Amino acid sequence: MPAWRSLSNFDWILFLAILAACSIGLVVIYSATTGTPSAGAFHRQLIWLLLGIVLMLLAVLIDYHTLAEFASAFYGLSLTLLLLTLVYGRVVNSSKSWLGIGGVQFQPSEIAKVSTILMLAAYLGRERVRGLGVLHFAAICAIIGLPVLLILRQPDLGTAGTFMPLYAGAVFIGGIRVRTLVILALIATLALPMVWGHLKPYQKERVKTFLEPTRDPKGSGYQLIQSLIAVGSGGIFGKGFLSGTQGSLQFLPEQHTDFVFAVLAEERGFIGAMLALGLYFVIIYRCLATARAARDRLGVFLAIGVVCTFAGQALLNIGVVVGMLPTTGVPLPLMSYGGSSLASTLLGMGLVLNVWMRRLVN
Amino acid sequence: MAFEQDYKGFQDYYEARRLNTRIQVIQVLFGAVLVLYLFAFWYLQVVKVDYYKRLSDNNRLRRVTLMPLRGVISDDEHRVLANSRIAFNIRLDREKVADMKAFFPRLAEILGVPEKTLNERLARYRGRPAFEPVILKEDVDLAEAAYIESRRLELPMLSVEVESRRNYLYGALAAHALGYVGEVSEDQIRSDPSGEFDLGEIVGKAGVEKQYDGDLKGVKGWKQVVVNSLGREIQEIEEGRKPNPGRAMRLSIDLDLQRALEDAYGDDAGSAVFLDPNSGAIMAMISRPAYDPNVFAHRFSQDTWGGLVNDPRHPLQDRVSLSKFAPGSVFKVVMSIAALEENVATPARGDHCTGSWRFGEKVYQCWAVRKGGHGYLTMREAIIQSCNIYFYHLGNDMGIDRISKWAHLLGFGEPTGLDLPHEEAGTVPDPEWKKRAVPRDPVWHPGETISVSIGQGAIEVTPIQMARFAAAIGNGGTLYRPHLLLSREVREGVEEEERQDYVERRVPMRPRTLEVIKDAMWGVVNEDGTGGRAKIAGRDICAKTGTAQVFKASRDVDADKLPKEKRDHAWFVGFAPKDDPKIAWAVFVQNGGHGGTTAAPIARLVLERFFQKLDARQGGQQLASVAVPQ
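So the protein sequences, as listed, match chains A and B. Positions 1 to 362 (this note's numbering) are the ones given, in order, by the first sequence. Positions 363 to 992 (this note's numbering) are the ones given, in order, by the second sequence.
In case anyone wonders, no lab produced these hints; they're calculated from the structure. Just so it is clear, the structure is predicted and the values come from calculations on it, not from any experiment. Worth double-checking, as some hints may not be accurate.
What the hints assert, rightly or not - List time: in silico SDA-like cross-link candidates among lysine to any residue, alpha-carbon distance up to 20 Å:
id, chain 1, residue 1, chain 2, residue 2
1, A, LYS239, B, ASN420
2, B, LYS458, A, GLY35
3, B, LYS686, B, HIS807
4, B, LYS415, A, LYS204
5, B, LYS410, A, GLY323
6, B, LYS940, B, LYS767
7, A, LYS96, A, GLY35
8, B, LYS410, A, MET324
9, B, LYS410, A, LYS204
10, A, LYS239, B, VAL587
11, B, LYS415, A, GLY240
12, B, LYS415, A, TYR222
13, B, LYS582, B, ARG798
14, A, LYS239, B, TYR413
15, B, LYS415, A, GLY133
16, B, LYS724, B, GLU776
17, B, LYS410, A, ILE225
18, B, LYS767, B, HIS807
19, B, LYS410, A, GLY240
20, B, LYS415, A, SER243
21, A, LYS204, A, MET324
22, B, LYS415, A, LYS96
23, B, LYS415, A, GLY323
24, B, LYS944, B, GLY885
25, B, LYS415, A, THR80
26, A, LYS239, B, VAL411
27, B, LYS410, A, GLY319
28, A, LYS239, B, TRP404
29, B, LYS410, A, PHE237
30, A, LYS239, B, TYR405
As the list claims (entries may be wrong) - Taking CB as the label site, the calculated pair distances span:
id, chain 1, residue 1, chain 2, residue 2, range
31, A, GLY103, B, GLN550, 56 to 64 Å
32, A, LEU152, B, GLU471, 49 to 57 Å
33, A, THR36, B, ASP461, 21 to 29 Å
34, B, ALA505, A, GLY40, 43 to 51 Å
35, B, VAL408, A, PRO37, 32 to 40 Å
36, B, ARG514, A, LEU152, 49 to 57 Å
37, A, GLY40, B, ALA394, 38 to 46 Å
38, B, ARG603, A, GLY103, 28 to 36 Å
39, A, GLY40, B, VAL390, 23 to 31 Å
Backbone N, C-alpha and C fix where the C-beta goes; we use that ideal spot for every residue, glycine too.
Take the sequences, apply the hints, and build the full model.
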């Protein structure tokens with residue numbers, strides 16, 4: 001079926017909600033960085049947004065079944081890029097997660113996110129993979145595990161962590177038995193102390209600080225406290241555009257990346273925060289609706305993969321901002337400053353729009 | 363297409379329902395978390411909004427203290443002794459230097475400061491925020507400040523800071539009276555309950571600067587500024603309160619007299635104080651060795667400061683009120699008053715001095731032993747000649763209790779109440795005191811009474827006590843509280859005289875006693891006595907010399923050939939003129955030898971200046987009264 005004929009079935013609500021979230025993000029980035037050393041962020045983000053929209057539309061136009069045919073190729077390319085990153089990557093904040101090609105710096109881990117979703121959907125979408133056997137389970141682990149291991153080598157625990165919701169979503173929708181789920185949950189609980197033993201000191205510090213933020217107000221608890229101050233001092237109506245003090249006076253670190261929602265809440269208040277939260281609600285629900293309406297298993301798993309990654313990241317990020325989760329360093333998709341993340345999220349959303357547009361069997 | 367065949371849609375109804383259910387589970391899960399966040403935002407932004415607003419303001423608003431100008435200290439004629447002046451410091455903005463190492467040689471050349479010194483100064487700021495400027499050179503002259511200012515384009519990293527700095531116009535002059543200022547110590551900040559002190563605040567550390575710090579320092583002002591997380595000032599948002607300058611203080615010190623004293627006093631250690639016998643107002647005081655209080659105003663004066671603290675000659679010690687010494691023969695005046703008042707002797711009491719006196723197993727000597735003693739003496743002659751034997755006998759007759767009683771009555775063994783931060787009380791010994799102070803040998807021996815009788819042994823006095831004592835004899839028996847403060851500014855330009863009653867107490871003495879003592883002290887200076895070198899014709903100077911033994915030399919050793927630190931301390935204590943005295947003093951020269959030789963000439967030079975000024979003033983008054991038309 002030609003692409004233009006499907007346009008009548010385009011999900012305008014999801015599309016507009018995405019654009020709205022990106023625009024809000026741009027405005028907040030502008031306000032949070034004006035007068036600070038990161039003042040150039042707005043323009044760079046705008047360029048990445050335009051590029052991301054082009055990528056998204058490309059992902060919409062090509063039938064997702066066609067894309068799925070090349071899933072292995074994309075997946076292989078991503079793994080190669082991740083390997084290259086480990087060798088030639090640029091070190092930022094003591095982790096090698098950036099790769100430069102022709103003067104453009106990007107994070108291959110963000111590309112890997114989309115290609116892993118595609119690869120996973122292609123695998124699980126096959127008719128014969130119905131009901132989750134041990135072999136299928138192992139295959140899912142392998143598909144997700146490969147990029148995760150490479151990302152962990154960078155090391156970038158935060159980004160590696162964003163693959164976990166994808167994993168959980170794939171296994172759950174893939175048909176894991178409830179009994180198995182309970183057993184896995186038990187094993188995870190028992191393994192927790194072991195994981196704790198393998199965490200790096202700064203990671204332990206983050207968890208401890210989350211449990212008791214005033215323990216070290218100038219150190220690791222600082223971000224958490226400053227984020228709460230930013231959100232709380234916003235009140236109902238907020239301090240207004242360019243009038244937030246926590247971000248622009250640099251009390252709140254990462255004000256335009258990981259804590260962009262805190263700046264939004266400070267400047268736009270409870271009302272602004274609810275509006276943004278509402279947009280995320282709409283985006284997540286439209287994606288889930290797409291998963292339910294999808295015409296085949298491939299479509300279901302594409303939408304599920306995208307929404308689990310997206311929602312997992314968004315809820316994790318906002319949870320940190322309101323002090324309900326420990327600091328993780330996960331950006332807020334669509335709003336946080338960061339070109340690779342924005343482009344990869346838009347690409348993923350393109351896949352969901354694609355599935356919705358082609359939901360009807362004709 | 364290969365994939366089209368693989369994905370055939372849902373053939374199994376149950377499979378489709380199961381998928382649907384599981385997606386709904388995810389839907390509910392995500393929805394629940396979003397609702398949870400909604401409540402979190404509601405709690406933070408609606409319920410706790412005031413709490414977080416306050417925290418946010420505390421974050422960005424900083425109170426900046428504005429330091430007031432310190433009050434001016436002037437002499438009795440409003441001549442400024444200490445004020446605040448503008449000082450220029452050269453600062454370096456480290457953020458504007460890309461390569462510090464490469465810049466350093468040039469910087470050293472521009473400032474004329476060795477690279478090593480610059481490095482040390484820079485090292486002090488390690489760990490401070492980078493925007494905080496480094497003071498590289500303090501207190502430069504106007505020409506250098508202008509040089510740096512005019513090259514701002516070429517040297518954007520250097521700037522000139524204007525600072526108010528305490529300035530003692532005459533350097534070491536009256537250093538121990540004025541004291542000095544310095545940065546408030548951490549102990550002081552910690553022990554101050556009001557929490558008034560700021561870090562780096564300048565406070566009085568000694569002398570008048572410390573005593574009247576509360577008035578001199580003024581009232582701090584403040585302003586509020588918006589700062590960023592690095593503490594850099596972004597903007598000023600409120601005027602706040604302007605600082606109130608410190609009050610001006612007028613001291614009773616007279617610059618002319620003080621200068622005369624500074625010039626007259628040699629290089630010896632010691633001290634001298636001249637005061638008004640009718641009020642206790644101190645007109646001049648000196649303590650040597652002295653220091654220049656200006657050096658404490660510098661930041662980079664650690665070496666100088668350490669040098670002053672560790673100097674074995676203790677230049678920081680105020681020898682007027684903080685050091686106690688044996689009074690020597692000056693104490694014979696106390697002995698005479700006690701004997702007359704206690705009716706132990708009459709002025710006519712005669713005694714024979716043969717140069718030595720055996721008491722118990724010990725032989726006590728008179729200083730005139732080599733010429734065979736003073737022969738026959740009355741009390742007046744004994745004071746004039748400062749005969750030891752006469753007072754040995756008198757002391758022996760009187761006993762230590764009556765001696766100690768009169769020493770106390772005349773103001774010894776207690777602080778005088780001088781308006782300086784610390785004061786030494788001195789020691790007036792008696793059997794009770796010995797029991798407490800010397801547990802090894804708690805019994806009072808009769809021989810100790812003999813030593814005290816000529817101002818030796820355990821008795822110790824401060825020069826300020828001596829001056830007050832001399833004043834009391836001159837003024838008829840009133841002990842005044844010595845003081846430096848004459849008046850202080852209450853409002854700008856409005857001065858208020860101190861209306862304190864400086865009378866400490868009146869010593870009950872018969873007029874006849876005072877007459878005898880004054881007459882004898884007049885004789886010391888004017889009748890070929892030990893104080894002859896202080897004689898000024900027509901001024902009726904009354905005084906007593908004292909030579910306090912430090913080292914007991916054998917009879918054959920020539921006192922002048924003893925090493926300096928073993929020589930006697932010299933005293934010259936008195937008042938003038940005899941009737942209606944206008945000035946009283948104590949001059950003390952540590953290891954100065956004979957009081958009459960070393961101390962008396964110092965007093966004479968100061969007194970000459972004093973009477974010169976007094977005559978000029980009275981002459982002026984007479985001229986004025988003549989000039990007024992009737």
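Against the structure, the hints:
1. LYS239(A) to ASN420(B): Given pair LYS239(A), ASN420(B) holds - Cα atoms ~16 Å apart, limit 20 Å.
2. LYS458(B) to GLY35(A): holds (18 Å)
3. LYS686(B) to HIS807(B): Cα-Cα ~23 Å, so violated.
4. LYS415(B) to LYS204(A): violated (30 Å)
5. LYS410(B) to GLY323(A): holds (14 Å)
6. LYS940(B) to LYS767(B): violated (26 Å)
7. LYS96(A) to GLY35(A): Violated, at roughly 29 Å.
8. LYS410(B) to MET324(A): Roughly 16 Å between the alpha carbons, so the hint for LYS410(B) and MET324(A) holds.
9. LYS410(B) to LYS204(A): This hinted pair is violated, its Cα atoms lying about 29 Å apart.
10. LYS239(A) to VAL587(B): Measuring from Cα to Cα gives roughly 19 Å; hence the hint holds.
11. LYS415(B) to GLY240(A): holds (14 Å)
12. LYS415(B) to TYR222(A): Since the Cα atoms of LYS415(B) and TYR222(A) sit roughly 17 Å apart, the hinted pair holds (cutoff 20 Å).
13. LYS582(B) to ARG798(B): Violated: LYS582(B) and ARG798(B) sit about 48 Å apart, past 20 Å.
14. LYS239(A) to TYR413(B): The hint holds at about 15 Å.
15. LYS415(B) to GLY133(A): violated (55 Å)
16. LYS724(B) to GLU776(B): violated (32 Å)
17. LYS410(B) to ILE225(A): Answer holds: LYS410(B) to ILE225(A) is near 14 Å, not above 20 Å.
18. LYS767(B) to HIS807(B): holds (18 Å)
19. LYS410(B) to GLY240(A): Holds - the C-alpha atoms of GLY240(A) and LYS410(B) are around 19 Å apart, at most 20 Å.
20. LYS415(B) to SER243(A): holds (13 Å)
21. LYS204(A) to MET324(A): Holds, at about 16 Å.
22. LYS415(B) to LYS96(A): Violated: LYS415(B) and LYS96(A) sit about 39 Å apart, past 20 Å.
23. LYS415(B) to GLY323(A): holds (17 Å)
24. LYS944(B) to GLY885(B): Given pair LYS944(B), GLY885(B) holds - Cα atoms ~19 Å apart, limit 20 Å.
25. LYS415(B) to THR80(A): Judged against 20 Å, a Cα distance of about 50 Å means the pair is violated.
26. LYS239(A) to VAL411(B): With Cα atoms ~12 Å apart, LYS239(A) and VAL411(B) stay inside 20 Å; holds.
27. LYS410(B) to GLY319(A): Satisfied, since the Cα-Cα distance of roughly 18 Å is no more than 20 Å.
28. LYS239(A) to TRP404(B): Answer holds: LYS239(A) to TRP404(B) is near 16 Å, not above 20 Å.
29. LYS410(B) to PHE237(A): holds (14 Å)
30. LYS239(A) to TYR405(B): holds (17 Å)
31. GLY103(A) to GLN550(B): 56 to 64 Å: Between GLY103(A) and GLN550(B), where Cβ atoms are some 60 Å apart, the hint holds.
32. LEU152(A) to GLU471(B): 49 to 57 Å: Taking Cβ atoms as reference, LEU152(A) and GLU471(B) lie about 54 Å apart, which means the hint holds.
33. THR36(A) to ASP461(B): 21 to 29 Å: holds (25 Å)
34. ALA505(B) to GLY40(A): 43 to 51 Å: holds (44 Å)
35. VAL408(B) to PRO37(A): 32 to 40 Å: holds (33 Å)
36. ARG514(B) to LEU152(A): 49 to 57 Å: Hint holds: Cβ distance 53 Å, inside 49 to 57 Å.
37. GLY40(A) to ALA394(B): 38 to 46 Å: holds (39 Å)
38. ARG603(B) to GLY103(A): 28 to 36 Å: violated (56 Å)
39. GLY40(A) to VAL390(B): 23 to 31 Å: Once the Cβ atoms are compared, 42 Å apart, the range 23 to 31 Å for VAL390(B) and GLY40(A) is violated.
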